[in-house]
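Visitor: Given only the sequences and the hints, what does the whole structure look like? Please build it.
There are 2 protein chains.
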Amino acid sequence: MSDQKLPTRSEDFSEWYNQLVIRAELADYAPVRGCMIVRPYGWALWENITAALDKRFKATGHVNAAFPLLIPRSFIDKEKSHVEGFSPELAVVTIGGGEELEEPLVIRPTSETIIGYAYAKWIQSWRDLPVLINQWNSVVRWELRTKLFLRTLEFFWQEGHTAHATNDEAEGETRQMLDIYTDFAVNEAAVPVIPGRKSDSERFAGAERTYSIEAMMGDGKALQAGTSHNLGQNFAKAFEIRYLDKNGELQHCWTTSWGLSTRFIGAIIMVHGDDQGLILPPRLAPFQLVIIPIYKTEDEKSGVMEVATRIRSELIAADIRVKVDEREGYSPGFKFNDWEMRGVPLRMELGPKDVAKDSVVFARRDRPGKEGKSFVSQQGIAATVADMLREIQKSLFDRALAFREANTQHPENYAAFKTAVEKGFARSYWCGRAECEARIKEETKATARCIPLEQSGGPGKCILCGEPAADQAIFAKAY
Amino acid sequence: MSDQKLPTRSEDFSEWYNQLVIRAELADYAPVRGCMIVRPYGWALWENITAALDKRFKATGHVNAAFPLLIPRSFIDKEKSHVEGFSPELAVVTIGGGEELEEPLVIRPTSETIIGYAYAKWIQSWRDLPVLINQWNSVVRWELRTKLFLRTLEFFWQEGHTAHATNDEAEGETRQMLDIYTDFAVNEAAVPVIPGRKSDSERFAGAERTYSIEAMMGDGKALQAGTSHNLGQNFAKAFEIRYLDKNGELQHCWTTSWGLSTRFIGAIIMVHGDDQGLILPPRLAPFQLVIIPIYKTEDEKSGVMEVATRIRSELIAADIRVKVDEREGYSPGFKFNDWEMRGVPLRMELGPKDVAKDSVVFARRDRPGKEGKSFVSQQGIAATVADMLREIQKSLFDRALAFREANTQHPENYAAFKTAVEKGFARSYWCGRAECEARIKEETKATARCIPLEQSGGPGKCILCGEPAADQAIFAKAY
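Taken in order, these protein sequences are the chains called A and B. End of the first sequence = 581 in the working numbering, gap-free, step of one. End of the second sequence = 581 in the working numbering, gap-free, step of one.
One thing to keep in mind: the hints can contain errors.
Since copy identity is lost for identical chains, a pair holds within one copy or between any two.
As the list claims (entries may be wrong) - Result set (DSS-like, lysine-lysine): computed pairs, CA atoms no more than 27 Å apart in a straight line: (1) K455 / K563; (2) K223 / K437; (3) K520 / K180; (4) K437 / K475; (5) K472 / K459; (6) K520 / K182; (7) K348 / K425; (8) K398 / K348; (9) K339 / K579; (10) K223 / K107; (11) K547 / K563; (12) K437 / K348; (13) K425 / K157; (14) K543 / K323.
If you are wondering where the hints come from, they were derived from the structure by calculation, not from laboratory data.
Guide: In structure tokens, the structure reads:
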């Protein structure tokens with residue numbers, strides 16, 4: 103904590119982000135370059151994210167397991183595109199127990215290979231399919247330019263890995279998981295996202311098709327917030343994942359993988375935050391409500407604390423995550439600012455006058471100043487809070503969606519396109535050729551974020567070359 | 103799954119264990135020597151263990167966080183005993199992103215050092231204390247002789263790390279966490295344990311005092327099932343974790359650490375299992391009840407499945423973890439054996455006759471054959487199942503305790519001591535000197551497992567040297 107002001111978002115969005123992550127105690131820098139420590143407040147947010155996702159995974163028949171951190175170096179080489187994509191980013195263990203290892207081991211950058219090895223052992227017949235496994239873990243990729251949550255050497259995520267009897271089933275799974283990520287982003291994180299297919303150049307190393315959800319940050323840039331890959335038979339062939347079909351014939355499986363990481367915390371910060379700090383969506387906030395007791399005398403204190411304690415119990419009984427800020431030696435004003443910066447969606451102020459009137463004062467984090475204040479009876483407080491949290495959740499989503507729409511253009515020509523990607527998304531026809539994509543990137547720094555699943559308006563003409571284009575793509579600068 | 107029988111426990115306890123872990127699909131061998139894959143059934147058990155512990159940690163004011171996997175090699179060297187203890191077991195990363203690293207990094211064998219670094223940054227004044235943080239993760243120790251769950255290169259655990267203003271508080275925390283482990287073992291895992299203090303030779307590398315819970319396995323050997331360390335000011339001094347006290351003086355903190363790992367799954371297997379396979383304590387079992395539908399005709403099947411589905415819904419509504427084994431092509435007898443091997447505490451058999459009589463057949467896993475069978479009405483089935491699960495939980499604990507008592511002796515002399523540790527625990531006075539401990543180990547292979555907190559009978563004479571001894575210790579061969 104410090105009394106120094108954050109830079110504003112318009113002054114320096116990147117520095118606003120960096121300072122906020124540290125000052126809100128979400129994360130800290132580790133002694134190893136590019137690694138992060140996720141502090142308790144940040145981890146509590148991640149725990150809520152994992153719970154919301156895990157529930158959805160289990161409801162669709164997935165189970166969790168744990169595969170090892172260490173992978174023989176030779177495994178990475180078995181799938182051609184995979185080795186090209188990941189070789190430059192590997193952390194390599196060469197010494198174990200004081201001795202040089204015969205074969206170096208890599209710390210998993212992702213687990214397709216070691217899981218491929220296991221599935222080849224476990225899967226014998228069509229009866230064993232589908233295999234629907236997820237893992238919560240961390241992976242290491244040797245990134246050069248790092249930023250807390252957005253890109254770190256080690257990051258935390260879940261990686262789902264499934265095996266199926268047919269391509270159709272694998273494609274269905276890939277799309278189902280994309281839907282789950284979309285549902286999570288929209289309904290838990292209040293982050294509007296565009297689900298779509300990645301261009302070939304942005305595909306996962308080893309995938310046939312990669313889908314992603316793309317979100318617009320507060321500076322108009324895009325962030326890929328979750329990915330789902332149809333791996334076809336690439337890993338099944340590399341690792342000999344085969345099954346006997348009902349006719350007794352040996353077939354290769356069709357596999358998928360899908361992941362969402364601590365990067366998503368970066369999305370929450372940059373979509374909802376304002377110049378005062380974080381604004382956390384109520385459904386994921388570690389504390390949904392903070393109670394600030396206000397008093398001067400010991401007498402006032404005991405009256406206020408009695409009511410605060412009673413209200414806390416009522417809220418806990420209603421499954422509301424509540425914190426009473428009982429810290430001594432800090433003024434109410436300091437506490438207001440502190441919790442505003444930390445993004446608690448709703449603040450309750452409780453002083454001797456409120457106690458006397460059987461009321462409380464609420465301040466909504468999403469509406470600064472008087473507009474967000476209300477004076478409410480203590481009667482039925484849990485229901486009141488639950489309603490207000492639902493309203494805040496909805497208003498955060500609506501605001502983020504309105505912002506994205508205001509900053510998404512459908513440029514008529516390439517000149518307008520160039521202006522559009524300076525401040526947000528351009529939704530434009532694209533012929534699908536890598537040459538156009540590369541030239542656009544070179545000239546504007548914008549990349550094809552995804553080809554949205556939802557397409558309307560039929561075919562058109564590529565924004566760059568004017569050749570026929572089947573689909574529109576979202577172009578933007580990206581994190 | 104295979105129809106081959108397990109070796110019996112009396113034939114070959116070690117081989118019974120190894121085969122059971124694989125065949126019950128709890129875990130599998132990884133391609134890297136000494137590493138394990140925890141399969142979904144094993145991981146579901148671990149998830150229940152983590153939930154039971156995490157609830158207890160949070161109820162006592164602890165929060166979770168995530169510290170990095172990679173630690174600079176030099177950190178390990180900062181605490182003298184720590185480096186001696188852990189240096190031989192390190193996995194060392196020397197290459198990152200294709201380049202040789204200037205300073206090698208180690209994969210955490212435990213996180214005292216990196217957490218010490220963070221606490222030194224975060225803690226300024228007495229207001230910041232205590233810091234009560236836990237982390238769920240995996241660590242790597244280069245073990246030579248490995249066994250699934252009991253000793254693996256990578257294992258999964260939680261490591262709690264706390265910092266306090268006084269030694270008394272740190273000692274209180276250390277003992278509180280030992281109590282929590284004891285409560286968890288007894289009340290969730292039905293594993294009777296002896297909480298006690300470790301001898302100096304068995305102390306954690308860098309601790310002032312180490313406490314542990316010790317359990318007796320089905321072969322009479324001891325297993326250390328959780329440890330709690332008072333680290334004194336050793337790490338605070340090595341990492342300069344200091345705070346300004348209320349008088350404005352700079353003081354070193356007092357720190358603790360405590361952990362419980364996937365090793366505990368080994369304890370559950372070896373305490374409760376029998377020649378048919380696992381027996382899982384109901385409170386931790388992934389499935390508490392399995393329903394086996396029995397039918398021959400399609401007509402019978404539809405009647406049976408309708409009732410099975412209804413009962414499943416009733417049980418799920420009562421928070422009972424239930425599985426209906428709907429697999430086609432396997433006989434009921436095969437399914438009985440399969441779920442017996444996998445240790446599901448309670449089986450429900452449901453055939454056309456049961457449907458007609460509005461009843462079901464139960465078979466308790468802890469009582470083989472007719473003794474464990476009962477015929478019960480379908481009315482109020484959820485309450486019946488809940489009662490039976492409670493009974494099974496209690497009977498498993500009682501049986502394990504009776505076994506431990508039957509195999510614990512209070513030998514009168516060293517000759518009797520030698521016989522005692524051949525088949526179980528010897529509870530004997532020990533002078534506390536390392537020489538006696540070492541000679542006992544050399545001559546009997548038994549080690550001082552712990553000095554139980556509960557001591558009765560006043561002082562006595564060392565079982566080996568006859569010198570005065572303040573306390574009794576538990577001696578046993580150990581995993």
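Visitor: Check the structure against each numbered hint from earlier and tell me which ones fail, lowest number first.
Guide: Numbers 1, 3, 6, 9 - these are the hints that the structure violates, sorted from lowest upward.
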